[in-house]
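Novice: Sequence:
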Amino acid sequence: MRISSARSLPVAVAVAAAVTGTLTWAPAATAQMTEPTPSAAVADTPQPDAGGIAIVKKDPAGDVLEGAAFLLLDATGQEAGSGNTDAQGKLTFTGLAPGVYRLKETTSGSPLHDVVADQDVIVTPGATARLTIVDPFKPAQVLLKAKDDKTGKLLPGSTVNIGSGETTLLTLTTGLKGTATGELPVSSRKAEFWVKQVKAPDGYNLYKPTKTFTAGPGAPVTVTVTNAKTATTPKPTSTEKPTDKPTDTPSTPTDKPTESASGGSKTNPTATDSSIVPSSDGTDSASPKTPAGSLAHTGADATPWILGGAGLLLVGGIGAVVAARRHKDSEPDQDENAETN
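What the sequence shown shows, in mature numbering (1 follows the signal peptide of the UniProt record, and there is no 0), is residues -31 to -1, 1 to 310, in sequence order.
Because the hints were derived from the structure by calculation, they are not lab data.
Honestly, I wouldn't trust all of these hints.
[What the hints assert, rightly or not] Calculated cross-link-like contacts (lysine-lysine; reagent style DSS-like; alpha-carbon spacing at most 30 angstroms):
id : residue 1 : residue 2
1  : K73       : K59
2  : K59       : K107
3  : K146      : K114
4  : K122      : K59
5  : K168      : K198
[Stated by the list, open to error] Each pair of labels, with its calculated beta carbon distance range:
id : residue 1 : residue 2 : range
6  : T101      : P125      : 45 to 53 angstroms
7  : A96       : T45       : 30 to 38 angstroms
8  : A86       : P189      : 20 to 28 angstroms
9  : E135      : P29       : 12 to 20 angstroms
C-beta atoms are modelled at their ideal positions from N, C-alpha and C, and glycine is treated no differently.
Put together the whole structure using the sequences plus the hints.
Specialist: See the structure below:
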């Protein structure tokens, strides 16, 4: 018996199928190795529900800031991205899973600007959160001095307000050394401010004028106010106090009344008519006022002169009486001589 080989078996099967009409032929299946698809292409494709964050960096004047550095952290505190703003002040984070992120500015990229505080950003599926971040200007460093306008001595206790427009931005009071320092907010690269003293140092007048000055971001500036001493009236000492009472008591006149030629008595003015005459310095003089109608007191005693005048008048009166009596006695003799003739 002859055994046919395996290569002739399909032909026999085909002949048999053609004869009987019940058999069908199918090619035998062969196993082939398929090449794997690249997994990297799948990883680079963003997920349909991913979101992003787009940043624009500016300063208060509206100018864009290049070189500002940011760090993005996810909800677990892990870094989700970092970068710096470009020449247009822009920075974008893409392919972020939805959630809450923490955005931190690590440097402003400018010596005139400060960084902003950290902030939370919410990323939603398929959307980009857009942020405009404004870096403030660094404050000006103010040094306040209060001085004596004559000697230049620094004065403690001087309080001033510093502001712009209608807004007070800073209040400073000088300490024991006569100085004070503070940070003045600045809104532009060169701003103008006013300073006004609201409390003067002890013993000094308030400086009323309002002064102005200019300051830039982060720049030091010195503000000086001067004060004049308050004028004071010296108090009188104990030896200079005025008194309402005379220091000396008026002396009592010692002149005695003298008799006049007619035999009457003549009295001198008494001290009851004297009055205190105010002196030029406001105190009462001790000398009595001279009575009206009398001679001014010269300091010499007039009693001897008065007595001498009275004696002369008395002698003259006696002589007149004697002469009158002699004339009367001689009149009868003349009459008798007339009758005898």
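Novice: Hints first: check each against the structure and report whether it holds.
Specialist: How the hints compare with the structure:
With a CA separation close to 15 angstroms, the supplied pair K73 and K59 stays within the 30 angstroms bound. Proximity of K59 to K107 is assessed by CA-CA distance (about 22 angstroms); at most 30 angstroms being required, the pair is judged to hold. Between K146 and K114 the alpha-carbon distance is near 9 angstroms, which keeps this suggested pair within the 30 angstroms criterion. Simply put, K122 and K59 have alpha-carbon atoms about 54 angstroms apart, too far for the 30 angstroms limit, and the pair is violated.
Taking the CA atoms of K168 and K198, the gap is about 14 angstroms. The hint holds against a cut of 30 angstroms. The supplied range of 45 to 53 angstroms is met by T101 and P125, whose beta-carbon atoms lie about 46 angstroms from each other. For A96 and T45, the Cβ-Cβ distance of about 22 angstroms falls outside the hinted range of 30 to 38 angstroms, so the restraint is violated. Between A86 and P189 the Cβ separation comes to about 25 angstroms, which falls inside the hinted range of 20 to 28 angstroms.
One distance hint, 12 to 20 angstroms for the beta-carbon pair E135 and P29, holds here, with the actual separation near 19 angstroms.
This entry does not satisfy hints 4, 7, going by the numbered hints stated previously.
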